[in-house]
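One letter stands for each residue in the lines below.
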Amino acid sequence: MFIINCPYCGEREQSEFKAGGEAHIVRPKQPTELSDDQWAEYLFMRKNIKGIQFERWVHSHGCRKWFNVVRDTSNDVIKAVYKMGEKPPTKK
Amino acid sequence: MTKNLRIKTSKFIDETYKISFKFNGKTYFGYKGDTLASALLANDIHLVGRSFKYHRPRGIMTAGSEEPNAIVQLHNNTSRTEPNVRVTEIEIYDGLEASSQNCWPSVNFDMGGINNFLSPVLPAGFYYKTFMWPASFWEKYEYFIRKSAGLGKSPMEPDPDIYEHRYVHCDLLIIGAGISGIIAAKTAAKNGYKTLLVEEKSYLGGSTIYQNSEHFKINNQISSSWLEKEINEIKKIKNLEIKTRTSVAAFHGYNFLLARENLTDHLPLEQRNKKTRQRLLKIRAKKVITATGSLERPLIFDNNDRPGILLSSAIHKYANLFGVACGEKNILFTNNDSAYETAISLYQKGINIEAIIDNREEIDSKLIKEIEKNNIKIFKGYTIVDTSGYKRINKVSIMQLSKDGQKVVGSKTTLNCDCLGISGGWTPAVHLFTQSGGKLKFRDEDQVFIPNIYPSDQISIGSCNGEFTLDEILSVVPTTLKKFLNIKETDYENLEVQSSFNKSKRNIWLLPSDKVIGKTKSFVDYQNDATAKDIKLALREGFRSIEHVKRYTTTGMGTDQGKLGNMHALGIISETAGSKMGELGTTTFRPPYTPLTFGTIVGRNVGEYFDIFRKTPIHDWHVENKAEFENVGQWKRPWYYPQNGENMHDAVQRESKAARDSAGILDASTLGKIDIQGTDASEFLNRVYTNAWSKLAIGKCRYGLMLNEDGMVYDDGVTTRLGENHYIMTTTTGGAATVLGKLEDYLQTEWPELDVYLTSVTDHYATVSICGPNSKKIVSQIIPDLDFSDESFPHMSFKNSKIGKIKCRVMRISFTGEHSYEINVQANYGKSVWERCMEIGKEFNITPYGTETMHLLRAEKGFIIVGQDTDATMTPIDLQMDWIVSKKKYDFIGKRSLYRSDTIREDRKQLVGLITENPNEVLEEGAQIVADINKSPIEMLGHVTSSYYSPNLKKSIALGVVRGGKNMMGQKLIIPMKDKQINVTVADPVFLDKENKRLNA
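As you go down the protein sequences, you meet chains E and F in turn. Going letter by letter, the first sequence gives residues 2 to 93 in the numbering used here. Going letter by letter, the second sequence gives residues 118 to 1118 in the numbering used here.
Some hints here could point you the wrong way.
Restraint-style ranges between C-beta atoms, simulated for each label pair [stated by the list, open to error]:
hint : chain 1 : residue 1 : chain 2 : residue 2 : range
1    : F       : Ala854    : E       : Val27     : 51 to 61 angstroms
2    : E       : Ser75     : F       : Lys486    : 49 to 59 angstroms
3    : F       : Lys1006   : E       : Cys64     : 25 to 35 angstroms
4    : E       : Gly63     : F       : Lys817    : 33 to 43 angstroms
5    : E       : Gly63     : F       : Arg721    : 20 to 30 angstroms
Derived by calculation from the structure, the hints in this document are not laboratory data. Ideal Cβ positions, reconstructed from N, Cα and C, are used throughout, including at glycine.
In isolation and in its complexed conformation, chain E is listed as follows (with noise of 0.2 angstroms):
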């Protein structure tokens, strides 16, 4: 059970957090647009790396908000936590 630093509130338990799978997927803004593949791409394409991964996780049992976690998911240390909006960190 790893600790994860809330940008809102501070180092918490994992168990008040759930993850939200990937990050930084952007919905289309125009779905109609796109075909079959394309909307495919964005609605079940995910990565599922050994190492860096940039992911998505809400402070569910806590302040109830969305952020961004990079994580080594071969050991689970994490690496940067930042914000909704903010861009992600360039890699070290």
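Knowing the structure of chain E, use the given hints to seat chain F on it.
Okay, now just chain F, sitting in the frame of chain E:
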């Protein structure tokens, strides 16, 4: 007939406190301080159990939690009986009763022992290979195999004991209170670290605390005396907490650990009443020091499993700590110096040693010299090739090893004994370290895996880190601590250490024999009866991965998780397959380190605390009026209200009839309620529902359907416009939390520009729903000030009002198809409003109804229940609800998915009504629907989702999903059941009042 092997020299045993206990029905005595193992050994009892597969007699092998053989059933009381308890861990108490497992009729005469003679035909994988054919016979085989599988008996009644969970936070957790752990605890606590020291045993000091040999000294004091003073000192330190009888079960990432604190298992039974038995500690530590020590390795030779064969270190501990001799004619067999420590200790206590057999040929150390000085015979360069004695070892056969250690040479010598101590060197206890995600490296010189890469802020010290000797520990540990704790000095600089241990070792994983391997039984995993032969067989049959060999041979899969033999299994694989140990890796160490009781895992979450449940404000009334309850999500909802001993069917029929004939009343407080405010609230609803919301007038209600982005129906409910920028949304009872979560997700991440605020108000309101032709008469008496005329208060509209001084929101909406009102009041007025409705409704026979009647009434109208008539594969089009999908709106959640190639298929499963040929035949929900019963295989077209007998229509009605069902109106289909077929006709899902006349009746 039983002997007394107590040597009465130990200060750890309180001989003034005699304890009586029962083993296999017979009464024995021990002393306070004894474990069940030491007490049995003092009574000269070695034979404790039978092995799992061959039912071979087995005895006590170790003196710790790694014990594979000596596991017993504790207590005869059916609710407290506990299987697989290690006799080496349980401290004796007055009233203890234990019995042997896996034997019938008794441990001395066990019918299952026949398996030992059948063993040539019971190789590894025997069950997999034998019971595969013919496949259809498995069910018959399984019955017999199940009966012989499993160890011990589980309790048949609820556990009467109390368990609890506790969170613990500390700067530093130290696991293990051996010499390294004690040094670390003192150093850290004195330097300001808030420290927790946990130890699985009842005493502190590990193996050093009973090391009273002149050969091991610190600053000129015998090591045990030196350590005793250290322990006395740390007990006084304020910011150090010490917990004994506390075993760390799991070491997770981010230094999160679980430990089991044993509070009463050592107490006399009458002192345990109403005390917490065990406590699960959930520890979050900033830093962790692992000082878990090491486990002595056995040696692998033919018949190495007989009662009377123990680890050499266990014999040492029984003698020094418990004052018990394990035998009168002892032989030690070793490949390293450890056994000589045991020998010296036994010798000094006057316990007879027949001989020492040492694999090593040229050896020389202070310890060996002392043994030789005392005329104890040492066979150098020898190995044991066989042992004898069925229920207790009585002889060993030894032969000389060849130079390369691969063969035995010369002639066989036989030696008599009643106890054999074996030592194959030491294995660092790295279990917890690897659980935490740590990576090991293999040290070739002494063939051990030691910690290499640490995944969190932690360190391993002492023999679990491969520092085995006293001088090594005292020079390396202080240096490691200074760096890890970031401190300048420790109390342990410039100690004068005398440590006579010579580190030389001759490691042979599988000792050679004069027999071919097929004729030997050299046990690697004692508990599961996996032998070296089995491992070699697995390799011959093509298994290469250590994980596969483990599962095929079951090596390391017992309750002891192979703490003793796993290294040998790896060694044998490595030698046979010609791969390097370091590359082979280890099998995965998984929590718990030692088994946990279920009680500890669940803690106080039992009985009514097992799960959270939610009650509506009207709950007490339902209880008083004998409602049967149904779980809906976390809610307890009235299911039906049986009267005069009615069964469910009769109650539901009566309730359903009353609701349509006169008036029914339902507690709808559990429906999710979300308060939506903000200047963009209308736009927001446009985006989350399939239909249009901009033109909904203030004071009006509208039904909405919510989809997932994949186009599948997710939730539904009525939303009311309370003001220009203010709505109240209702959701399904079970979906309330997830709907709110989903809406928040979109608001925060996709549409942060929208000015909308969401608040869950589910618990803030109680909702009373009154339906039926007389509902208007009832509500107009409850709220006399309100104009209930159809012109002023039409269907799908809302009014603010008051019941006396209580503010209320009244909606005229209907889930039953009847003329119907929902009164929402502040939650704490809910029960009184309900009671008032009951009182006023009396003259109209107002009838409370539960969820079952609600489901029946809505099914008569063909209204769906999300989650019952839908699963995550139904679009609104599949539900024949095209009317609710706006064609004009540019976008809403899920819109694009409604015309994907898959969702526009004509032959998707679609919701239809089903009418049975026999109007009294009620279908089973979930039953399969087919068209052609003669086709093979029969093609399944769909299934029944809702089915009831309608008292209002006086016939059976059902909803179901059928492939291409939309175009099958009037078609006949078949529902095949176990003993019959039911003929049905596809129909419109609306069975009653298609014109919606009753809404305004």
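Against the structure, test the hints numbered earlier, and report the numbers of the ones violated in rising order.
Number 1 only.
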